[in-house]
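Number of protein chains: 2
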Amino acid sequence: MLHSIGTWITRRALVAAMVAASCVLAGPPPSAAQPDPLPSWNEGPAKTAIIALVTQTTEKGGPRFVEPAQRIAVFDQDGTTWVEHPVYSQALFALDRVAALAPRHPKWKRTEPFKSILAGDFAAIARFSEKEWLEIVAVTHAGMSTADFEKLVREWLPNSKNPVLKRPVTELVYQPMLEVMAYLRANGFKTYIVTGGGQEFVRPYSDAVYGIPAEQVVGSSIVTKYEYRDGKPILMRQPKLFFNDDFDGKAIGINTFIGKRPLIAFGNSDGDRQMLEWTTAGEGARLGLLVLHDDPEREFAYGPANGLPDTKVGTFSPSLMDEAKARGWSVISMKNDWSRIFPGPKP
Amino acid sequence: MLHSIGTWITRRALVAAMVAASCVLAGPPPSAAQPDPLPSWNEGPAKTAIIALVTQTTEKGGPRFVEPAQRIAVFDQDGTTWVEHPVYSQALFALDRVAALAPRHPKWKRTEPFKSILAGDFAAIARFSEKEWLEIVAVTHAGMSTADFEKLVREWLPNSKNPVLKRPVTELVYQPMLEVMAYLRANGFKTYIVTGGGQEFVRPYSDAVYGIPAEQVVGSSIVTKYEYRDGKPILMRQPKLFFNDDFDGKAIGINTFIGKRPLIAFGNSDGDRQMLEWTTAGEGARLGLLVLHDDPEREFAYGPANGLPDTKVGTFSPSLMDEAKARGWSVISMKNDWSRIFPGPKP
Chain A
1 MLHSIGTWIT RRALVAAMVA ASCVLAGPPP SAAQPDPLPS WNEGPAKTAI
51 IALVTQTTEK GGPRFVEPAQ RIAVFDQDGT TWVEHPVYSQ ALFALDRVAA
101 LAPRHPKWKR TEPFKSILAG DFAAIARFSE KEWLEIVAVT HAGMSTADFE
151 KLVREWLPNS KNPVLKRPVT ELVYQPMLEV MAYLRANGFK TYIVTGGGQE
201 FVRPYSDAVY GIPAEQVVGS SIVTKYEYRD GKPILMRQPK LFFNDDFDGK
251 AIGINTFIGK RPLIAFGNSD GDRQMLEWTT AGEGARLGLL VLHDDPEREF
301 AYGPANGLPD TKVGTFSPSL MDEAKARGWS VISMKNDWSR IFPGPKP
Chain B
1 MLHSIGTWIT RRALVAAMVA ASCVLAGPPP SAAQPDPLPS WNEGPAKTAI
51 IALVTQTTEK GGPRFVEPAQ RIAVFDQDGT TWVEHPVYSQ ALFALDRVAA
101 LAPRHPKWKR TEPFKSILAG DFAAIARFSE KEWLEIVAVT HAGMSTADFE
151 KLVREWLPNS KNPVLKRPVT ELVYQPMLEV MAYLRANGFK TYIVTGGGQE
201 FVRPYSDAVY GIPAEQVVGS SIVTKYEYRD GKPILMRQPK LFFNDDFDGK
251 AIGINTFIGK RPLIAFGNSD GDRQMLEWTT AGEGARLGLL VLHDDPEREF
301 AYGPANGLPD TKVGTFSPSL MDEAKARGWS VISMKNDWSR IFPGPKP
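Quick note, the sequences are listed as chains A and B, same order. The C-terminal position of the first sequence is numbered 347 in this note's numbering, with every residue numbered one higher than the one before it. The C-terminal position of the second sequence is numbered 347 in this note's numbering, with every residue numbered one higher than the one before it.
Careful: at least some of the hints might be erroneous.
[Said to hold, decoys possible] Here are the computed lysine-lysine pairs in the DSSO-like style, where the Cα-Cα straight-line distance is at most 27 angstroms:
#: 1; chain 1: B; residue 1: Lys166; chain 2: A; residue 2: Lys312
#: 2; chain 1: B; residue 1: Lys325; chain 2: A; residue 2: Lys232
#: 3; chain 1: A; residue 1: Lys260; chain 2: B; residue 2: Lys131
#: 4; chain 1: A; residue 1: Lys225; chain 2: B; residue 2: Lys260
#: 5; chain 1: B; residue 1: Lys166; chain 2: B; residue 2: Lys131
#: 6; chain 1: B; residue 1: Lys166; chain 2: B; residue 2: Lys151
[Claimed, not checked] Residues from chain B that face chain A, not an exhaustive set, calculated with beta carbons under 8 angstroms:
#: 7; residue: Pro63
#: 8; residue: Phe65
#: 9; residue: His105
#: 10; residue: Lys107
#: 11; residue: Asn162
#: 12; residue: Leu165
#: 13; residue: Pro213
#: 14; residue: Ser221
#: 15; residue: Pro233
#: 16; residue: Asp248
#: 17; residue: Phe257
#: 18; residue: Gly259
#: 19; residue: Glu283
[To be verified] Where chain B lies over chain A, by a calculated footprint (3+ residues, C-beta under 8 angstroms):
#: 20; stretch: 110–116
#: 21; stretch: 199–208
#: 22; stretch: 252–260
Hint data in this document are derived by calculation from the structure and do not stem from the laboratory. Just so it is clear, CB atoms sit at the ideal spot from N, CA and C, and this is done for glycine as well.
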């Protein structure tokens, strides 16, 4: 449990471009000729595979037609629909919360793990133990009602800042993925976020950013306790993991929260392996895709698959690459497959 | 945990009239004058309250208007949308499974708890301990894949039989509730089952019976384990409770699975208390309703509220009745408020 809590908070988190909402909501533009539903995707095997999956499963009378009720699409978040480097956005939130709370806790200046956070000592932060992360979770994610937590997240989002790209986390969503979501929904698919990050961290912005309502966000969660305040019920967040929606937890989470096997799944790291296995093991047309971060000029480069630099944040291992090849999953090269990374004017 | 498993299997379960599906899907009939959206409801405070809630929250520009995305309606199942007496349908399923498996387990004839089940000794069954129910759950609900369990449920449904009403459990759904569901959906509400029963027990029939897709069924669940069979992943059901969606668990389940506070909640027993509290504590127009089983001629009579006979199956306690009055929840008298109980020709 301790391990899981630490993994959860260190591995995971939030947010993407509010500016993208208009694109999400607009869907593909009307046109006489068949418009390109994925304009930010270069022609290539990944784009072809996505369009083929949608075409086959929506062709009435076709051999691979699937009823709309069964058209489920799942998206990992961190590293798949938005930036996860150098650290998960939810970890940024936790660190910012510690800084915000520090004036009320003068002792933190002299006590770990808070001392290192307040000193901005990222090297020390990287070495935090599970016990230390649990302490951080306890003060930043628990000990408050669900309503209070949601308020904190909403207030933090516009002030958030990726430490390398120097932009709010909400602006660092991937335009090609917004296009895929809109394309799938226009074809009767129900789109879900299935994240190792905190479900209650993602829900406050998922609709505005991805066009995905709160009830279609499946994520990790902590235990909540039903209590009364002034005769009214509240749910108090406890410093204890309830569900770890990562690795095998993603397949379990899909089954528990959705109860239907997806037709298409997007991921980017070893934590998405079982989600893609579970998705593509279904009968009929299924598709698994993995984003490979091989674009240090426009975003980041990490693997260690394909000889890219190793990382503990969003690891894409050689064994995952081997499995992708063996099972016929598509690998999306950020560098080659995406003509544009972020919403807004083309750079 | 043992207690919870026992409570779960003894208190809870499944199924309602396939014959009702046409009604559910058809929705209110088109007509020049305003047709009655709830024809099986007699005029009275409960019907008036439901129509007022829908009218207020859907009136564009009105003071209590609610965006469609926030229009969530939740329904308890056992005793609220279908018959739960004399025992929960899921317990019937478990007992039938023991009988079906008995030939492969000759020792069961001499070993409790199976001996009593095979002898049809309902008095002994009523005295089963938590440990004995756990043994029953282990052989009837666990030790198999999720796919195999779903197959068992689907095969059992048409052969199921309520021991008193002598009809398949799927025919014992309440017509007035099907009408409410259709009415709410026609007004932009998303309808959910929020049941103490097993989520994977309800999902195989929820769409056909209630028009509610699998992903809108929130219920109790057991732990599943991700394994491989012939290189393909399966989820194996473990004899261990994961989530008990009852009492405070219903409020927690709504928050965890849906992430939005309902506008309207229907229940019938003490297990629904927190669901109604959570729902009606929200701002704006909210409504909680409780079905009172006071109709021994057409269905059953139990409370012990209002001096009705006591029961351990779907208890409606005097304290719940007191709270309903104090908080302004509507109590639905099955006898007075419903002109018809089950689908099909009016009796």
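Structure-based check of all given hints:
A distance of roughly 60 angstroms separates the Cα atoms of Lys166/B and Lys312/A; the hinted pair therefore is violated under the 27 angstroms criterion. In summary, the hint linking Lys325/B to Lys232/A is supported, as the alpha carbons are separated by about 16 angstroms, within the 27 angstroms threshold. The suggested pairing of Lys260/A with Lys131/B is violated, with an alpha-carbon distance near 32 angstroms, which exceeds 27 angstroms. Using a Cα cut-off of 27 angstroms, the hinted pair Lys225/A and Lys260/B holds, with the two alpha carbons roughly 17 angstroms apart.
Pair hint Lys166/B plus Lys131/B does not hold up; C-alpha atoms about 30 angstroms apart against a cutoff of 27 angstroms. For the proposed pair Lys166/B and Lys151/B, the alpha carbon gap of about 23 angstroms is at most 27 angstroms, so the pair holds. At about 22 angstroms, the closest approach between the beta carbon of Pro63/B and any beta carbon in chain A exceeds 8 angstroms, and the interface hint on this residue is violated. Annotation: interface hint on Phe65/B violated; nearest CB of chain A at approximately 18 angstroms, more than 8 angstroms.
The restraint placing His105/B at the interface with chain A is violated, with a minimum CB-CB distance near 29 angstroms, outside the 8 angstroms limit. Checking Lys107/B against chain A: minimum C-beta separation of about 33 angstroms lies over 8 angstroms; hint violated. Given hint, Asn162/B at the interface with chain A, is violated; its Cβ is 26 angstroms from that chain's nearest Cβ, farther than 8 angstroms. Against a cut-off of 8 angstroms between C-beta atoms, the interface hint on Leu165/B is violated, since the closest Cβ of chain A lies about 29 angstroms away.
Taking 8 angstroms as the C-beta cut-off, the interface hint given for Pro213/B holds, the closest approach to chain A being about 6 angstroms. The closest approach between the C-beta of Ser221/B and any C-beta of chain A is roughly 6 angstroms, which is under the 8 angstroms cut-off, so the hint is satisfied. Using the Cβ-Cβ criterion of 8 angstroms, the hint placing Pro233/B at the interface with chain A is satisfied: the shortest such distance is roughly 5 angstroms. For Asp248/B, the interface hint holds, the least distance from its beta-carbon to any beta-carbon of chain A being 4 angstroms, beneath 8 angstroms.
About 6 angstroms separates the beta-carbon of Phe257/B from the nearest beta-carbon of chain A, less than 8 angstroms, and the hint is met. The closest approach between the C-beta of Gly259/B and any C-beta of chain A is roughly 4 angstroms, which is under the 8 angstroms cut-off, so the hint is satisfied. Annotation: Glu283/B was flagged as interfacial toward chain A, and the flag is violated, the nearest CB pair being 11 angstroms apart, outside 8 angstroms. As drawn, the stretch 110–116 of chain A meets chain B at 0 residues by the rule of a beta-carbon pair under 8 angstroms; below three, the given contact is violated.
Closer than 8 angstroms: that is the beta-carbon criterion, and the stretch 199–208 of chain A has 4 residues meeting it against chain B, so the requirement of 3 holds. For the stretch 252–260 of chain A, the stated coverage by chain B is satisfied: 7 residues place a CB nearer than 8 angstroms to a CB of that chain, which reaches the threshold of 3.
Hint compliance for this structure: hints 1, 3, 5, 7, 8, 9, 10, 11, 12, 19, 20 are not met, and every other hint is.
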